[in-house]
Structure formats: C-alpha cells, structure tokens
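*Asks:* Next come the chains, spelled out residue by residue.
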Amino acid sequence: MTDEPLIHAAFEAIAATAPPPERVRARIAARARVHRQRRTLLVGAGALGGAAAATAVGVPLLARSGSGVPAGPAAPSVAAGTPFRFGPGWLPDGVSEQYRQVTVMPSDAAFFGSRRSWLPPGVAYPEDHSPAPGITLTIGERFGDADAGEPVTLGQARGRLAVTDMATVSWEHEGTPIRVTAYQLPNQADLAVRVARSLTRSASTLPLNLTVGFPARFGGRLTLAVHPRPGGWLTSVTSETLDRTRSAMVVASTGEAPKHTYAQFGRPGGITLWVPDEQDPSANFTRDEVDQALMDLAFKAPDLSWVGGRVA
Amino acid sequence: MEFEEFLSARLAALLRYATVLACDPHLAEDIVQEVLSRAQTRWARISAADVPEAYVKRMIVNELASWRRRRAARVVPMSLSALDTVGAPLEDPATAVDERDAMIRRLAALPVRQRIVIALRYYEGLSDPEIADLIGCRPATVRSHAARGLATLREYSRSTT
Numbered sequence: 004m005t006d007e008p009l010i011h012a013a014f015e016a017i018a019a020t021a022p023p024p025e026r027v028r029a030r031i032a033a034r035a036r037v038h039r040q041r042r043t044l045l046v047g048a049g050a051l052g053g054a055a056a057a058t059a060v061g062v063p064l065l066a067r068s069g070s071g072v073p074a075g076p077a078a079p080s081v082a083a084g085t086p087f088r089f090g091p092g093w094l095p096d097g098v099s100e101q102y103r104q105v106t107v108m109p110s111d112a113a114f115f116g117s118r119r120s121w122l123p124p125g126v127a128y129p130e131d132h133s134p135a136p137g138i139t140l141t142i143g144e145r146f147g148d149a150d151a152g153e154p155v156t157l158g159q160a161r162g163r164l165a166v167t168d169m170a171t172v173s174w175e176h177e178g179t180p181i182r183v184t185a186y187q188l189p190n191q192a193d194l195a196v197r198v199a200r201s202l203t204r205s206a207s208t209l210p211l212n213l214t215v216g217f218p219a220r221f222g223g224r225l226t227l228a229v230h231p232r233p234g235g236w237l238t239s240v241t242s243e244t245l246d247r248t249r250s251a252m253v254v255a256s257t258g259e260a261p262k263h264t265y266a267q268f269g270r271p272g273g274i275t276l277w278v279p280d281e282q283d284p285s286a287n288f289t290r291d292e293v294d295q296a297l298m299d300l301a302f303k304a305p306d307l308s309w310v311g312g313r314v315a
Numbered sequence: 037m038e039f040e041e042f043l044s045a046r047l048a049a050l051l052r053y054a055t056v057l058a059c060d061p062h063l064a065e066d067i068v069q070e071v072l073s074r075a076q077t078r079w080a081r082i083s084a085a086d087v088p089e090a091y092v093k094r095m096i097v098n099e100l101a102s103w104r105r106r107r108a109a110r111v112v113p114m115s116l117s118a119l120d121t122v123g124a125p126l127e128d129p130a131t132a133v134d135e136r137d138a139m140i141r142r143l144a145a146l147p148v149r150q151r152i153v154i155a156l157r158y159y160e161g162l163s164d165p166e167i168a169d170l171i172g173c174r175p176a177t178v179r180s181h182a183a184r185g186l187a188t189l190r191e192y193s194r195s196t197t
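As given, the protein sequences belong to chains A and B, one line each in that order. Quick note: the first sequence uses our numbering, first residue 4, plus one each step. Quick note: the second sequence uses our numbering, first residue 37, plus one each step.
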C-alpha cells in the first residue's frame, strides 16, 4: 500500500477500538448528577500560597448607590468562623485537606452545612465542578437517592453505601445529613466506610474573608469556599435565598480567571475578581449589579494555615 | 438541540474521533467524558453555535494537547486481534495487516500536534485551512506539522524495510 491509503487504513483500525458510547454516557450522567448536587451547594473555589497574615487587600464594603439594596455585611460571629461540627478522625495515608466550604446564616452564623475535601498529593482541587479526587465530607445537605446502595453500620447509626465511579456513605446524625465520598482512590468503598465510622466532633472553622454587596433579592444564607491554587488561592462567596430560588456568586483569586466569565476585574497584587459564567438565568444578576458588587467587594487573602493538614 | 439529543446523535462519532486523535481508546474515553461534562454545563451557549459538534471537536483537540502536556507520552496498546476485526479490503491480507499494524505504531509515536494534523487530514478529510482553524494556528503551521509527520512516518518505514 502507498502512504495515504495505509495511513487511512491505520486510522480506521484505531477508530474501531473506540470505547462504547453507553459507558461514557453513563459516566457523563453520573458527573452531571454530582454537578447538580454541587450547584445546589453553590460550590465556590479555593486557595494556596502564603498569605498567612491575611493582609487586607480590598476596600471596605460600601452601600450601593442607586436602586439596589445590598445585603448587610456579615456579622462578627460569621467573620470569626463557624465550626464545621464534625470531621474525620481517620483518613487514608497521603491525603491532605485542600478545600473548605461552609454555609451559614449571616445574621447569626447559624450553621447550614459544610464541605471539606482531602486530596492525594499533587492533585489540585478541580474548579470545573467535577468531583474532587480523595475524600470529601459533606454535612447538612440532602442528596437524592437516599435509599440507594447497601446498608452499612456506622457505630449506632445505620447508613447506606452506594458505589458508582465513586463510593458514597450517607446517613443522618440527630437529623443532620452527613455524606462521605471517596473518589479515584484504591479500595475506595472500604475507605469511605472507615472515614465515615471515624467521624468525630470538630472545632475547625472557615472565617469569612469576603463580603459582597449582593442585591437584597439574593439575601438569605452565605456559602464561603476556599481552596489553594498552584501559586495562590481561590475563594468565593455565594448568597442564596432561603427557598433556593435565586443565588449569586462572586469569586476572588490569584492567577487567571477562567476563560469564560460573566464579568471580571483585576485588582492590584495579581488578584482577579470575577463572577462565573454559569449564572442561573432566572437570578437575573444584571451586569450593572455585578459590576457594582465587584467594585464594592471587600476581602482578605484567606487563611490557608489548614491547607495540607489532616485534622478533624 | 438538547444536550441529550446531541449525545444520542454524536457521542459514538466523537469517541471514534478522539480515539483516532489520541491513538488510545482509554485516553479518548477520559477526554470525551471530560469535554462533554464541561460542555454540558454551558450547553446553552454551545448549542447556539452554528455547528455545536465543531465546537466540541475543538474542545477535544485542545484537551488532548493539554493532557499530553500533563502526561508522559504513551505507547498505544493496540491488539492485533482488534485490528483483524476491521479495516478496508486489502490486496495481500497478511502483508497488509502487518503494514497497517506497523503504521499504527508509527502514528502513535508521532508528537501529538503532528498526529492530530495527519489524522484530521487523512481520517477526517479536512483541508489545511480547516485544520488550522480547528487547532488554532496558521495553515503554514499545519503544512509544517504534516510534512514533518509524514517524513517521520516514511523514515520509520525505510528503517524497518
């Protein structure tokens, strides 16, 4: 055969080894479910680097001029940090904490939920809503398929272990939903159960380092998230109505913003502020409101002293 | 077109496309899953494009180049039994299968940009300007990648005969 037909024949043979679409479709659907769950939680993003001194680099929150009424600044109790309530008493070798998120009521710091992730070495926290490899502990959020999986015993509690491309143990403690997931780890079902059984009280916190003048119609609870990025950090705050019909998110980070954002501003010191592209259309977070919120945003570089740790 | 409709209509073709570009069905599966999961979150904008499939294909090319930067190059684990199940009619089956298998291994060993260009030209049948538009470079760069890739393939061929 001459070159061209031979090359074509070779590519045809390679194409014939393509994986079956059914399997890929199932995996995409599984990731979409996780994405929806995480959207429900209004995930933000994360942080690294130094900045232990938490130097103020923003400007004080300013009341918005014009028709919009900003939500008030967070209460001091929120700024001081709300405890996560529970943390793992045991973790697999090698993983370390790389992501913290907490949802609170800004007026009284009432705890709604939290999420923390311990990732394998050298793995960055994914910023594309895909599941975080390693161990993730989620508290206070109910997910669908409560009866999915096999029953497992967790001390005196009864939970469910569901295994797809990740292993998930879910149960309730005094009415609070708790969920442990293990993803992209060897023997992840065993690890998820062992982490779930090890849960203990936690005094760890995530202090508020961002205050945003969200329009009042987004007022409700605040979700703060922090994780390290290569050479820096990323932190976000989301305001969501209590009925979860409207939400708005603002992100601050070192390094580059994603390619597609709804709006972004540069700040001195290599800080970028942005509003993600995936805005809920019904929220109608208008461009003027976004611009005003980003200009008025006040933040400190997040405390990253917990990054790399394994404490409960 | 809704995302689910797009998957029903085009997922198999996208997997073949990615497999050809990656020369690795496992990597292709990971890449297509990654790309489509990301595409799903912004499908409203992508589906508004004239040809959503072209947009997704560009994402696959970019993702492949990105993965290759992050990972060491792989050797393609093509099995001869898999090869025997497919292929165009051959003049001399025994010799031609050997040649084709050797060509697969040569293609897999090419630098990723060169292989992408050759795959798009000889498997997808795209013109150099179309390839340039897809991978985000000038047509002259496409011709350069193609020439170097073909030269490498011929060099292998001479050295093994």
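Hints listed in this document are in silico derivations from the structure and should not be mistaken for laboratory results. Wrong hints could be hidden among the right ones.
Claimed, not checked - Anything over 12 Å on all C-beta distances counts as not near chain A; from chain B, calculated: (1) Glu-70; (2) Asp-86; (3) Ile-154; (4) Ala-176.
Said to hold, decoys possible - When the alpha-carbon atoms are kept at most 25 Å apart in a straight line, the in silico SDA-like pairs for lysine to any residue are as follows: (5) A:Lys-262 <-> B:Gly-172; (6) A:Lys-262 <-> B:Glu-89; (7) A:Lys-262 <-> B:Arg-179; (8) A:Lys-303 <-> A:Ser-201.
Claimed, not checked - Here are the in silico distance ranges between beta carbons for each label pair: (9) B:Pro-165 <-> A:Ala-32: 53 to 63 Å; (10) B:Ala-187 <-> A:Pro-8: 38 to 48 Å; (11) A:Glu-25 <-> B:Cys-173: 51 to 61 Å; (12) A:Ala-151 <-> B:Glu-191: 23 to 33 Å; (13) A:Gly-273 <-> B:Arg-141: 50 to 60 Å; (14) B:Ser-44 <-> A:His-263: 25 to 35 Å; (15) A:Glu-177 <-> B:Ala-90: 48 to 58 Å; (16) A:Asp-294 <-> B:Thr-177: 47 to 57 Å; (17) B:Ala-187 <-> A:Gln-187: 37 to 47 Å; (18) A:Glu-175 <-> B:Thr-177: 57 to 67 Å.
This one's a predicted model, so the numbers in the text were calculated from it and none came from an experiment. Idealized CB from N, CA, C, for every residue including glycine.
*Asks:* Are all C-beta atoms of chain A more than 12 Å from that of Asp-86 of chain B?
*Replies:* The claim stands: Asp-86 of chain B keeps its Cβ more than 12 Å from every Cβ of chain A (closest is about 18 Å).
*Asks:* Is the Cα-Cα distance between Lys-262 of chain A and Glu-89 of chain B 25 Å or less?
*Replies:* The given pair, whose Cα atoms are some 20 Å apart, holds under the 25 Å limit.
*Asks:* Could you check the hint for me, namely that Ser-44 of chain B and His-263 of chain A are 25 to 35 Å apart, CB to CB?
*Replies:* 26 Å, holds
*Asks:* Would the pair Lys-262 of chain A and Arg-179 of chain B pass a check requiring their Cα atoms to be no farther apart than 25 Å?
*Replies:* Violated, at about 29 Å.
*Asks:* Given the hint of 38 to 48 Å, check if Ala-187 of chain B and Pro-8 of chain A actually sit that far apart at their C-beta atoms.
*Replies:* With Cβ atoms ~18 Å apart, the hint is violated.
*Asks:* Ile-154 of chain B: least C-beta distance to chain A exceeds 12 Å?
*Replies:* Given a closest Cβ separation of 7 Å, the condition is violated.
*Asks:* Mind verifying the non-interface call on Ala-176 of chain B? Its CB should be farther than 12 Å from each CB in chain A.
*Replies:* 21 Å, holds
*Asks:* Per the hint of 48 to 58 Å, is the separation of the Cβ atoms of Glu-177 of chain A and Ala-90 of chain B within bounds?
*Replies:* 53 Å, holds
*Asks:* Mind checking the hinted window 57 to 67 Å against the Cβ distance between Glu-175 of chain A and Thr-177 of chain B?
*Replies:* Between Glu-175 of chain A and Thr-177 of chain B, where Cβ atoms are some 59 Å apart, the hint holds.
*Asks:* Tell me if the beta carbons of Glu-25 of chain A and Cys-173 of chain B are separated by a distance inside 51 to 61 Å.
*Replies:* Given about 35 Å between the Cβ atoms, the range is violated.
*Asks:* Range first: 50 to 60 Å. Now tell me if the beta carbons of Gly-273 of chain A and Arg-141 of chain B are that far apart.
*Replies:* Between Gly-273 of chain A and Arg-141 of chain B, where Cβ atoms are some 46 Å apart, the hint is violated.
*Asks:* CB of Ala-187 of chain B to CB of Gln-187 of chain A, is that within 37 to 47 Å?
*Replies:* Once the Cβ atoms are compared, 40 Å apart, the range 37 to 47 Å for Gln-187 of chain A and Ala-187 of chain B holds.
Violated hints for the displayed structure, listed by number in ascending order: 1, 3, 7, 8, 9, 10, 11, 12, 13 and 16.
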